[in-house]
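Trainee: The lines below spell out each chain.
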Amino acid sequence: MTAFACANLTKRYGSIQALQGVTLSVEPGVVGLLGPNGAGKSTLISVLLGQTLATSGEASVLGLDTRRQQRAIRRRVGFVPENDCLIPGLSGTGYVYYTGRLAGMSHGDSMQRTHEVLDYVALDEARYRPTEGYSTGMKQRLKLAQALVHDPDLLFLDEPTNGMDPQGRQTMLSLIADLGGAGISVLVSSHLLPDVQRVCERVVIMGGGEVLSSGRIDEMNKPHATLYRVDYSGDRIAMKRELQQRSVTVLDEANGRLDVELPQEGTQAKVMEAARQAGGRLSGLHPKRSSLEETFMAALQRQRGS
Amino acid sequence: MTTAATTNPNRYRRWDGELNRGNRAWLVIVVTGIRLALKERKTRTLVMTVSGVALGNCIILYVLSLLELVTGTEQGRAILEFVRAFLRVDISGVTRIEEYREILWRVLFLLVIKVELFWVLLTVSKVGPGLIAHDLRHRALPIYFAKPVTPLTYVLGKWIVVAAFVAMVVLVPNLFSMIVGVLITGGLHTWGQTLGLGWDLLVSGLLICVTSGAIVLALSSLTSDHRYVTVGWLAVCLLPIFAQGILDESLPAGSTLGWLGCISLRDNVMTVTDWLFGMRGLWEASTLPTEAFAESMLKPVRPICAITVLSGWVVCAMLVTYWRVVTFSRSAANV
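Going line by line, the protein sequences match chains A and B.
As numbered in my numbering, residues 256 to 561 make up the first sequence, in order.
As numbered in my numbering, residues 9 to 343 make up the second sequence, in order.
Chain B extracted, bound-state conformation (with noise of 0.2 angstroms):
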C-alpha cells in the first residue's frame, strides 16, 4: 500500500491505504513492550547473565557426554579400574553411565530450573510491574481503547511481553542446553530417549510463564505506581517461603505438615516439575541405589494439590487484570 508523499506539511493530505482487517493488535503491544524493556540495561544484563547457566549446562552435558565415551573403550574402563583402585570407591555406577542419561539429565535441568527460578523472579520483577501500571499513571489506555484494541488484547498483548522474558531467561536456555546436549552426545538413540524430556522442559517452562505473568500484571492493574508492584510481586514469591521456614522450625521434629508445601509459588511449580519429570517413575525403575535421594527430590504434596493452587493463581490473576482493564476501558475519555 503505497501512499502519496506530502507536498506541502501545511495542508492536511489524505491516506488512501487500508487499515488490516484481521486483529494483530496483540502483537504490535507485545513487539513493543519487549522493545521497551529491552531499552533498559539492567533487563539486558539479566537476560545475558542467564545464559551463563544454559552454558554451564552445556558443560556438564559435554562432560557426561565425554564420560559415556570414555567407558565405552577398553582403554576408558581400564582408566576408570585404575581410578577405582586408587581412590578406594565404588564408582560402578559411573561404568553404566549410558544407562542412567535419562535420569542425570533429568535430574540436571531440574536442578537448573531451580536455580532458573530465581532469574524469573529478578526478571519479572524488572519487566512486569510497569506494564500496566506505567499506563495507568501515564494516562495512556485511551490511546489503546480509541483505537480497534480490545480489553481481552491488550491483556493478552502486556501478558505476552512478560511470558517472552520468562521463557527467555527458562525456556530458551534450557531447549537450548538440550539440543546442544544431544548433538554433543550424539545419535538417533539419544535424541529418541531425550524427546520426552524436551516437551517436559516445555510444558513446565509454559507453565512458570503463565503463572509469574498472570500474578504480576494483576498487581500492576492495581496500581499506577510500579514501586509497589514490585514490592507485591517480591512478597507474593518470599514471604511463603520465609513463612514456610517459620512454621517448618515451629513444629515438633519429625512432624510434618502437607499443606506447608503448597504456600509458596516456587514449591508448586517445583512439584509440578518434579512430576512433569517423572522423577519417582524413573528413580524406581532404575538400579540406583540411593533411594533416599530420590525422595529428597519429590516435595510432599501431591501434584493435583499444587496443579489446584496455581490454576487458582492464575484464573483469580486474570480475573482481577481483566476486570480492572474493562473497567479502565470503559472510562477511557474520563481516564
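For reference, chain A alone in the conformation it holds in the complex (with noise of 0.2 angstroms):
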C-alpha cells in the first residue's frame, strides 16, 4: 500500500493556483518534502489531511479516500504544524493527553500513552510545567509528542527542526530516522536540505503548485556523466591546455584538483591522455555526484525556464 497518493490533483484558491495536476505515489518510508515558499506544500498536505477539497483530481493517504473518508485519515496519521499551535494554561502532560483524547483515546489509555511519547521525546521533568514556558526545541518535541500520541501510520511534519539549535536539530532529526525505523511513514516538509539528506530515503521537490521532481535520494546523487574530478600533479597550465585541446572543459581549480567536463559520455581517456602529454601524474579520476541541492536547484531553474 502506498503512504498516499495523488492523480491530477489540482487546488485553486480564487485566482490562485496553488496545486496543478499534482501526481504522485509515495512508498511507505520517510520522504522529504522540498520546495519554496509558495511551492504548494503546505496545501498538499492539507489535502491529505482531508481540511481542504482539492479543485479537482483524486488523493488518497493509506488508501483512505480524502474526500470521503477525512475523519478515518486522521485517526490514522499526526500533524506536527509549523507553527507553535500550543494551548495556553496546559502543561506539556495536559497538552498531550488532551490531543490524545481529542483522537478518541479513552482517559487511562490517552495518560499512559502521554508519558510514554514524553518519555520518547525527552522531555522529562519539563513536562509538568506550563507550555508557555517551553524553548523552541521543547515546544518541536512536544509538537511531535502530540503528533505521536495515538500512534500514527503516517506523520506530517512541517519544518520540524525551524528555530532549533544544532543539538536539538540533531534529536530530532535522531527521532524522525527512529521513527522511520519503527515502520512509521513520515513525510517532512522543509527547505533545509541537509536536514532531508540526512533522514530521508525519498525526496519530492515542488515549486509552483506543480511536482518538479521525485525520486530516492540516491539516485538522484547518481555519479554525473560528464562531470569528474581530477586529482593531478605536476605542471597545471600544461595540463590546462592539453585539456582544451581536446575539447575537455576546465570548470573549477583548488586545492590541487581540477573539475572538468568532458565533451561526451565515456570520453575519460582524454583526460589521461592530457596528464600524459603534461608530463604530470594524475593521481584520480571521478565521476562528480550531484548533490540534492543541485538538484534542487537545477529543478527550480527548469521550472523558471519552462
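Treat the hints with care, since some could be wrong.
Not everything, but these chain A residues come out facing chain B in the computed CB check (under 10 angstroms) [what the hints assert, rightly or not]:
{"#": "1", "residue": "L279"}
{"#": "2", "residue": "V281"}
{"#": "3", "residue": "P283"}
{"#": "4", "residue": "G284"}
{"#": "5", "residue": "Y353"}
{"#": "6", "residue": "S361"}
{"#": "7", "residue": "V372"}
{"#": "8", "residue": "K398"}
{"#": "9", "residue": "A402"}
{"#": "10", "residue": "L403"}
{"#": "11", "residue": "D406"}
{"#": "12", "residue": "F411"}
{"#": "13", "residue": "P421"}
{"#": "14", "residue": "L434"}
{"#": "15", "residue": "A437"}
{"#": "16", "residue": "K495"}
A few chain B residues that face chain A, going by a derived Cβ cut-off under 10 angstroms, partial list only [unchecked claim]:
{"#": "17", "residue": "G25"}
{"#": "18", "residue": "K47"}
{"#": "19", "residue": "E48"}
{"#": "20", "residue": "G64"}
{"#": "21", "residue": "D143"}
{"#": "22", "residue": "A148"}
{"#": "23", "residue": "F153"}
{"#": "24", "residue": "V157"}
FYI, nobody ran anything at the bench for these hints, they're computed from the structure.
From the three backbone atoms N, C-alpha and C, an ideal C-beta is built for every residue, glycine too.
From the two separate chains plus the hints, produce the assembled complex.
Mentor: Here's what the structure looks like:
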C-alpha cells in the first residue's frame, strides 16, 4: 500500500493556483517534501489531511479517500504544524493528553501513552510545567509527542527543525530516523536540504504548485556522466592547455584538483592522455555526484525556464 | 485497553490500543475548557459568589414557609391580628399566604433571575472571550483539525463551555433553591404546585445559556485578541440599555415606543421569561388587589417579538462562528 497518492490534483484559491496537476505515488518510508515558499507544500498537506477539498483530481492517504474518509484518515495520521500551536494554561502532559483524547483515546490509554511519548521525545520534568515557558526545541518535541500520542501510521512534519539549535536539530532528526525505523511513514516538509538529505530515503521537489522532481535521494545523487574531478600533480598550465586541445572544459581548480566537463560520455581517456602529454601524474579521476541542493536548484531552474 | 510500557525511552514503541469510534471530542473540549477556566481565581470567585444569591433565595423561601406555618395555626392568626391592630395596616393577604404561594415564588425567582443576569454578564465576559480567540492567537486550530474533530464538534464543545458557566450562575442556583424551598415547605401539594415553575426555570435558564454562549462565541471567532471580545460583549449587552434610557428620556411625556424594549438583550430575555412564568395570567387569576404592580412586571413588548429578536441573534451568531471556524479548519495547515 502506498503512504499517499495523488492523481492530477489541483487546488485553486480564487485566482491563485495552489496545486496544479499533482500526480504522485509515495511508498511508505521517510520522504522529504522540498520547495520554496508558495510551492504548494502546505496546501498538499492540507489536502492529504482532508482539511481542504481539492478543486479537482483524486488523493488518497493510506488507501483512504481524502474526500470521503477524512475522519478515518485523521485517526491514522499525525501532524506537526510549523507554528507553536500550543494551548495556554495546559502543561506538556495536559496538552498531549488532551490531543490523545481528541483523537479518540480513552482516559487511561491517553494518560499512559502521554507519558510514553513524552519519555520518547525526552521531555522529562518539564512535562509538568506550563507550555508557555518552553524553549523552541521543547515546543517542537512536544508537538511531535502530540502527533505520536495515538500512534499514527503516517506523520506529516511541517518544518520540524525550524528555529532549533544544532543539538536540538540533531535530536529531532534522530527521532525522525527512529520513527522511520519503527515502521511509521514520515513526510518531512522542509527547506533545510541537509536535514532532508540526512533522514529521508526519497524526496519530492515542488515548485509553483507542481511536482518538479521526485525519487530516491541516492538515485538523484548518482554519478554524473560528463563531470569529473581530476587529482593531478605536475605542470598545471600545461595540463589545462592539453585538456582544452581535447575539448575538455575546466570548470574549477582548487587544491590540486580540477573539475572538468568531458565533451561526451565515456571520453575519460582524453584526460589520461592530456596528463601523459603534460608530463604530470594523474592520481585520481572521479565522477562528480549531484548534491540534493544541485538537484533542487536545477529542478527550480528548469521550471522557471519552462 | 492496556499498552506495553516503554522499556527503552529512546526507541519508539508502537501502541496496540484502539481508538474510540464514537465522536466524543466535544465532551473532551468541554471538560478541558471548564477546567482551564476554573484555574482562574476570578472565575472561581464569580461562580462562588452567585451561591450567595441562591442562599438569599433559600432564606426568603424559608421565611415564606414559616409564615405559611404560622398562619395555619390559631396562635399564629392571633399574633397576626395583634400585629394588624398594633401597626394599623391591612395584612389580610398574609393570612392567606398559602393561596399565593405559586405567584410569590414566581415573582421571587423572576427578581432573582434579574440579579443573576448581572453575574451572567460578568461570568461570560471572563470565560467566553478567550475560547476561540486564544486558539486563534496561539494558532492551536491545526491541532484540533488534524485530529478527527469537525468544525461542528469544535463549536459545540466551545459553546457548551460558556453554557456550562452560565448554567452555574443561573440554572443551578435557581433549581437548587427551588428544591430546597419545596423541601422546607413540605408536602406533595407543594411539589405539584411548583413543578411548572421548575420547568420554567429550566427553559429560561437554557434560553440565557444559548443566547449568551452563541453571541460571545461569535465575537470570539472574529479576533485573536480576547480583550476586543470582552469589550464587544459588554457593548452588545450594555449599549442598547444606555440607548434605551436616552431614547426613553427624549420621548414626550406619556408616549412610548414599543420597539425600544426589543433592542436590549436583557429586556428580550426578561420579556420571554415573564411570558414563560405566565405572570400576567397568574396575577389576573389571583385576588391580589394591586393590578398596577402586575402591569409593571411586564414589558410593553410582545413575547413573539422578543423571541424573534433573540432567535435572530442566536442564528446569526452561530452562522458567523461556524463560518469562521470552517474557514480556519480548511486552511489549518496554513494558519
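Trainee: Checking against the hints above, which ones are violated?
Mentor: 1, 2, 3, 4, 13, 16 and 20
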